[in-house]
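Novice: Using the hints, position chain P against chain R.
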Amino acid sequence: RKEVEQDPGPFNVPEGATVAFNCTYSNSASQSFFWYRQDCRKEPKLLMSVYSSGNEDGRFTAQLNRASQYISLLIRDSKLSDSATYLCVVTGDSNYQLIWGAGTKLIIKP
Amino acid sequence: SAVISQKPSRDICQRGTSLTIQCQVDSQVTMMFWYRQQPGQSLTLIATANQGSEATYESGFVIDKFPISRPNLTFSTLTVSNMSPEDSSIYLCSVEDPGGVYNEQFFGPGTRLTVL
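Sequences listed follow chains R and P, in order.
Using this note's numbering, you'd call the opening residue of the first sequence number 273 and step up by one each time.
Using this note's numbering, you'd call the opening residue of the second sequence number 2 and step up by one each time.
Isolated chain R, as found in the complex (with noise of 0.2 Å):
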């Protein structure tokens, strides 16, 4: 079983629309939790960190469910500029450590 598992998609959206993503990690002592997004040929950027009790940036809702291991991402209204790969990633062992999944791929159609 993978440490941090995620639908590799693609997820095609229309423009507009709300996407969730959710992913699934084995670890039980992670303690911090992020989404970075990444376009193609690009590095990884930091999108969200998640917080225990959720959080929102504008569009963008994060949960953390702790009791089932898994960490949602929630995209309402989206754009066109949305459309990349979405990589959950939470600490391992150590807080430095990150463990990435694989990535969710969405593209937002017009």
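If you are wondering where the hints come from, they were derived from the structure by calculation, not from laboratory data.
Any given hint might turn out to be false.
Calculated Cβ distances over 10 Å to all of chain P for the following chain R residues [claimed, not checked]:
(1) A301
(2) T333
(3) W372
Simulated coverage check for chain R against chain P, where a stretch passes if three residues somewhere in it have a Cβ under 8 Å from a Cβ of chain P [said to hold, decoys possible]:
(4) 337–347
(5) 363–370
To give an idea of the interface, some chain R residues facing chain P are shown, with a C-beta separation under 7 Å as derived from the structure [what the hints assert, rightly or not]:
(6) S304
(7) A374
(8) G375
We put the beta carbon where it would ideally sit given N, CA and C, even for glycine.
Specialist: Below, chain P alone, put in the same frame as chain R:
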């Protein structure tokens, strides 16, 4: 967040040669990391580079193949030694956000390596 640059941005190398990748940060950071991202795959941590001590390598990566230097708090190098086509990948350095609370990491633009 820190501004990170990498050199070279890309290279095409012959089998059996070595390439040294440089990573420069615009501020002092304690921890720097080297990752590999093979085509179509996610990131894999190669090693953690701390100033003043030997790098810590992850399972499957060894110092002879990927020697790392960390001479100061703003700079690190990763060498890919005795390259084979299987080493073709994007190599990324990252730093932990010194002002971060949740161990966020920020990445350089990457070095795209092709080994013939």
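Novice: Which earlier hints turn out false for this structure, listed by number in ascending order?
Specialist: 3, 4
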